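Peer 1: Make a model of the complete structure from these sequences and hints.
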Amino acid sequence: MSIFEYNGSALVAMVGKNCFAIASDRRLGVQLQTVATDFQRIYKIHDKLFIGLSGLATDSQTLYQRLVFRHKLYQLREERDMKPETFASLVSAILYEKRFGPYFCQPVIAGLGDEDKPFICTMDSIGAKELAKDFVVAGTASESLYGACESMFKPDMEAEELFETISQALLSSVDRDCLSGWGGHVYLVTPTEVTEKILKGRMD
Amino acid sequence: MGDSQYSFSLTTFSPSGKLVQIEHALTAVGSGQTSLGIKAANGVVIATEKKLPSILVDETSVQKIQILTPNIGVVYSGMGPDSRVLVRKSRKQAEQYFRLYKEPIPVTQLVRETATVMQEFTQSGGVRPFGVSLLVAGFDDKGPQLYQVDPSGSYFSWKASAMGKNVSNAKTFLEKRYTDDMELDDAVHTAILTLKEGFEGQISSKNIEIGVIGNDKTFKILTPSEIEDYLQEVE
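If you read the protein sequences in the order shown, they are chains C and X.
Heads up, the first sequence is in the UniProt record's numbering, so the first residue is 1 and it goes up one at a time.
Heads up, the second sequence is in the UniProt record's numbering, so the first residue is 1 and it goes up one at a time.
Since the hints were made in silico from the structure, they are not lab data.
Computed from a predicted model, the values in this text were never measured in an experiment.
Any given hint might turn out to be false.
Unchecked claim - Straight line, CA to CA, 30 Å or less: simulated DSSO-like cross-link-like pairs of lysine-lysine:
id	chain 1	residue 1	chain 2	residue 2
1	C	Lys83	X	Lys206
2	X	Lys142	C	Lys72
3	X	Lys206	X	Lys196
Peer 2: Listed below in structure tokens is the structure:
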């Protein structure tokens, strides 16, 4: 079994009209056994920047701690928050540092950049960035997620509709994947507010 | 005062609380050729005298004003070779920042890192402080900025500043002439007039250097013919 499938995860981020949404499942497993149903995969870096980390849970927690460390120092030195594009470059550099002994994580980064323009990207475990204008997915349910997002996504959705779309895409995809599920965790971010919602899906 | 008994070692404080070697480094700066910088509302200008030791020296081969990044330039007063080392290190630091963040380094960050290097050379064994003060001119998201960095590693942001031989006259002149809403062209004229104040001999496009950065955020070293145009306007 692949190391990326040890804990199970599902992550998706979508771009809307002057907003974005990032969602994850809540299951933490040890292969076939479910160990937690409230595991956090999406972390806030600052009010307009979120990162979701799929893959091996221990690596995703450690990587998150390292990134928060770097961002805090950046904030102190430069007296400003990091732009999402800059943060993505930083994550890519940190992952590549471990090119021959990598973190077993696939990050999904979502944020509001200059003039609150939504930015999303994902990368592989050694830092190859993939920018997208519509949606990005990661985790064991990624193939189902690609299909669901491709059919459900429309450009320039407002916050309410975006929330519905990303929730439906997430829940229907994790139902096809035994290693992810147990509900969903959705963050909807607009220039003025951040909304956090828990979804109840098939609890298996 | 007993200070001179402590001037042998950089890393030993004198009883009056000074590091005498740094004082001597500042003296080296003070006997260097005058250089100055002015921050305008829409840009920054830096300028320096370029007095060569002999008319036989090819003046086109000498460049005192250097580019650190496309939007940051620097001029020095003091020991030329020391400034070359700092320019080299600063350029490398700027590129390392870009490689990590894929974003051009902000002026304050580059100044801080350069100042840190200069400070390291005041607290290490077997080295001496840099015999230069730098004037760093840049334009980034925070607008036009002008910083002076001293051999001790301290740095200050200035609206207008001068260093080198004629520093007190130049600063008095600048204090009188400086206005907050100056445009870049006016600043260049003022810079030339300030240099002229303490200039020995005839000022010409061959014995001064001027660097400007405007709203286009591109640091440009003026060619002798462009300097000539400004000199004509000032006459």
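Peer 1: Each hint should be assessed against the structure and marked as holding or not.
Peer 2: Verification of the supplied hints:
At most 30 Å may separate the alpha-carbon atoms for a hinted pair to count; C:Lys83 and X:Lys206 exceed this at roughly 44 Å. Distance restraint check for X:Lys142 and C:Lys72: the Cα-Cα separation of roughly 21 Å lies within the 30 Å cut-off, and the hinted pair is therefore satisfied. Between X:Lys206 and X:Lys196, the direct Cα distance comes to roughly 14 Å. Compliance with the 30 Å bound is thereby established for this hinted pair.
Going through the hint list in order, the structure does not satisfy hint 1, though it satisfies all others.
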